[in-house]
Amino acid sequence: MEIKTKLESLQNEVLNKVKSSADLKSLDQVRVAYLGKKGPITEVLRGMKDLDPSERPVVGSLANVVRDAIQEAIEERKMILETEAIHQALLEETIDVTLPGKQIAKGQSHVLTQIMEEIEDLFISMGYQVIEGPEVEEDNYNFERMNLPKNHPARDMQDTFYITDEVLLRTHTSPVQARTMDKHDFSKGPLKMVSPGKVYRRDSDDATHSHQFHQIEGLVVAEQVSMADLKGTLDLFAKKLFGKDREIRLRPSYFPFTEPSVEVDVSCFKCGGDGCNVCKHTGWIEILGGGMVHPNVLEMSGIDSSVYSGFAFGLGPERVAMLKYGIDDIRHFYQNDLRFLNQFKVKE
Amino acid sequence: MNVSYKWLAEYLNLESITPENLADKLSRTGIEVEDVTVPQEGLKKIVVGHAVSVVDHPDSDHLHICQVDIGEEELSQIVCGAPNIEAGQKIIVALPGSRITGNKKIKKSKMRGEVSNGMICSLEELGYSDKVIPKKYAEGIYVLPENAEPGEEVFSYLAMDDAILDLSVTANRADALSMRGVAHEVGAIYNQKPVFETVELNEDATEQIENYMSVAVENTEDTPVYSIRIVKNVKVKESPMWLQTKLMNAGIRPLNNIVDITNYILLEYGQPLHAFDYDQLNSKEILVRRAKQDEILVTLDEEERKLTPDNIVITNGVKPVALAGVMGGLDSHITDETVTVALEAALFEPISVRKTAKELNLRSESSSRFEKGINMATLQQASEHAAALMVELGEGTVVSGISTVDTVDVKDVVVTTTLSKINRSLGTEITKEKVKAIFQQLGFGVEISADKVEVVVPPRRWDIHIEADLIEEVARIYGYDNLPSTLPKTESIPGGLSTKQRLVRHTRRFLEDAGLTQAISYVLTTPEKASRFMMRESEATQLDMPMSEERSTLRMNLLSGLLDDVHYNLAHNNSNVALFETGRVFYKETDHILPHEQEHLAGVLTGSMLTTDWQGEGQKVDFYVLKGILEELLLTYGLVGKIDYVQEANYTEMHPGRTAAITLEGKEIGFMGQIHPVTANELDLNETYAFEINFDAVIEAEKEPTIYRSIPKYPGMTRDVALLVDETTTNQQIADVIVEKGGKYLQHVRLFDLYQGEHIATGKKSMAYTLAYLNPEATLVEEEVTKAFEEVKTALAKQLNAEIR
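Chains as they are written, first to last, in the working numbering: chain A, 1 to 348; chain B, 1 to 805.
Careful: at least some of the hints might be erroneous.
Said to hold, decoys possible - In the DSS-like style, the derived pairs of lysine-lysine whose C-alpha atoms are separated by at most 30 Å in a straight line are:
no. : chain 1 : residue 1 : chain 2 : residue 2
1   : B       : Lys642    : A       : Lys183
2   : B       : Lys25     : A       : Lys240
3   : B       : Lys489    : A       : Lys244
4   : B       : Lys642    : B       : Lys744
5   : B       : Lys107    : B       : Lys136
6   : B       : Lys292    : B       : Lys355
To be verified - Far from chain B by the CB rule (all over 10 Å, computed), these chain A residues:
no. : residue
7   : Asn16
8   : Asp68
9   : Tyr325
It is worth saying that the hints were derived from the structure and are not from the lab. Where a beta carbon is used, it is the ideal one built from N, C-alpha and C, also for glycine.
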């Protein structure tokens, strides 16, 4: 049984070598050295022909057992070594996750555009059309059709940029309403519109005045439109723009193109109505104007004011932005300083 | 309009209503109250003093040492520098430890060695504006009436314990530009009927107006009412305290009893009056007429006014003595010597008064009321009241009768509406009884039968003519807070944006995603900047009366504004700028009164899009960075027509070698390239790239919808070719040849290398392209591709003299 002993000591020898292999390369060397064609196991098997035929099966099976054990040990060791190698590689690949990321080029919408789009989208969802009109207007559409005849006290030359006696830079977006009412076919449904755009007033620019600014006005004309509908619409609007806890209150006011006319206060979104600097300690912020469309304005567009009624409202996106973000100088909107424009990245 | 709470309390019971509550209620119901101020607020320990003796300070040329009775056992010594201090006067004393205006604390001190226990005050030191302080006391201390009690607080003497409500009266509510009007309004809110004292005027039966004056009016449309009353033997002097303090609290400077009375009546009734010195009129007749061209009048403010026929003037039959409803003349104004007063009460046409006041820049309390209308019902009552006060305060006698031209029939106005109309307009269910009560509260007559509501509106509310006016009255008295909150119950119609609006929004998003930030610049600019980067010929549109050259002309390009923005950013150390703008440009149209407004899109890039960071070099902007953005943007519009970039040297503000016209089917719709270095230099800019596109052309252009094409099932093949060509040969020329000769399976051509320099002959460049082939129907046959590729190479060699490398 010399061979048997030999095989067993061979097994022990190899298993030790496998165990002590430090890397995949030396492990492979062990495999080739012992299991290869010129290795000792093969040699044992080759020497079988010299054995007694009765011993052959015993030795043969023992040789196979030994070979399988060695193979298994090698595989096992290989797994361990491979896992270690991956660990090592990962360790070496570790990076500083606090380094800055690769820049991407990304621009911004102007803050006024953001506010106007938010308002447009709210009214679109309620079935309004967004309608634009000329910035250079006829005196007729800008004033007379808004129930402001020439020399009306509410119409002050100081505030208007005239180009000729009859042509001017619009002072509000209201002329768009007159132009739209002229064309609207009420047999196709009510008129529901918002008109955003630039308007101009003859003013010297300073922190709170700008000769160019924006307005959004809304108009609904239909057979059954009431002041309560205006109140409900503006309430929804205030909640959408300034938060769901906002309330509104209407105060009587005067605009030549609406009767009754109201100014609309929104409960202060900074202090919630308790009083702070933003609301000048009143709890309310004046933010909108509106009213029921004056019958003269309807009639001048050929709309029968005994059948149709309407409401209109308007606001200035600059004022909204200044209040909402605490912007202290209206000129920022038109200087286009990137340090200003890039502040309004957060989209709510 | 400054409204005195105490004055108002003469007409109404305000016992349980604080000034703050009143202000809030007024604001919520009708007239906005901007502010409530109590003049004495912030002041303390300011008392009446009696200057018992006044001697000159030995060490000063202007200081006086005064021994003042301040209601204590011993006299108090106070040093005073005022030139008008005299012994015997009752004066205002700020005691040691007191606070005067501006929260300034007064302490006991020494002035040039003499103890001063506080300070003797002027009105300015109590916070009065110098616009209301009587001229007599403007340069010194104020003197209180003799009956003032030493040691008592001065505030009640000066009516500084009153509360003043600052009413912001809108143009339609001019009825609230008088105390009586405000009293009616407040009465309506609290359901009280204001009570006004009746004034008895005793005329001197022995004197008849006919012997003094006869008035005539040239045009009763200009002057529907004109009347004169005569008050003789008046003594012109200082008004009593109650009158002076009422005027000062209303923001009007007291002058003398006669003028103060007219101002008082203006405040009480809203009726402007004018007092002439009768003897200075030098005439027993007055003619109201239009001024002659260039006629001259020296007004009260000592300004010489050159008049035009737009102005209504009061004349003495020969020459103007006053500008109707605006300002009196200097020659006939009330002086200390005046004995006989001619008191005018009139109604002038609003538009003419407004024009005159505006042209001459003479807005007065009087003109602002005539402009907006007055209560015609109280015109003569106001005049009588004034005359009665001139008797009471000026010791005058009133001549019997008035000389007048009066063409106005003062009547109540009847306006009708219906209950259902009111409720329909407001969205309410207000009862008949409530509506009736509201109109009664307002002091209007009201009859309601079935649905019909008939309202009789008195002349004091001349703003109410139509149904909507009545509805407003109901709404505000009923309370806007009590209105329901509903949404219009109209037929549903889809809302939305127009195609143009959607394209503009898409374009904004695209450019933002490409790294450009949206700018909004000024539309008004200089004539020069307005006319730069012109994409078509047009004259500029200019303002008639610009406020500055800088903002005088409507832009005809967006780039000028964007370049101003770039300049601003560079000056503020933002060296990498990528901006775009959408907006209108304005081209003058000879046959239209309005200019043509064209929507444009423009952008600018300077510096780097991505800056150098720890991972490597940034991306400096150049022509091709910009072009890449535009190519992709234009692709997203799905234009049917072909876009080309054509070398363009005609824009004077653009680099002639680095500018391309952007054409759609051969028609220019915009341009892009580098700003001309000379222009950039003028504007202090670095190397800047820019584009401007006529966005209306994009909006109007035919577009094709997206149609799905199946993903190729068969593999494609590519072939690369490198060419050596003349450096003047363009990429477009080469690409055109390749596409033309590429065969039916050529899918696209991509330039992947461009080289010029070492190893390349001078005047030559090397360009390398990848040609991609695909047959969507079958696997490509190698020989077919090779054959097609060979044809391309042959054509390139032949047509462009290219050397295939």
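Here is what the structure says about each hint:
The suggested pairing of Lys642/B with Lys183/A is violated, with an alpha-carbon distance near 37 Å, which exceeds 30 Å. Restraint check for Lys25/B and Lys240/A: satisfied, since their Cα atoms lie roughly 29 Å apart, inside the 30 Å limit. Our distance criterion of 30 Å between C-alpha atoms is met by Lys489/B and Lys244/A, whose separation comes to about 23 Å. At most 30 Å may separate the alpha-carbon atoms for a hinted pair to count; Lys642/B and Lys744/B meet this at roughly 20 Å.
Straight-line distance between C-alpha atoms of Lys107/B and Lys136/B comes to about 28 Å, which keeps the hinted pair within the 30 Å bound. Between Lys292/B and Lys355/B the alpha-carbon distance is near 16 Å, which keeps this suggested pair within the 30 Å criterion. With a least beta-carbon separation of about 50 Å from chain B, Asn16/A lies farther than 10 Å from that chain, consistent with its non-interface assignment. Every Cβ of chain B is farther than 10 Å from the Cβ of Asp68/A; the closest lies at roughly 48 Å, confirming the non-interface assignment.
Distance check on Tyr325/A: its Cβ is at least 16 Å (rounded) from any Cβ of chain B, clearing the 10 Å threshold; non-interface status holds.
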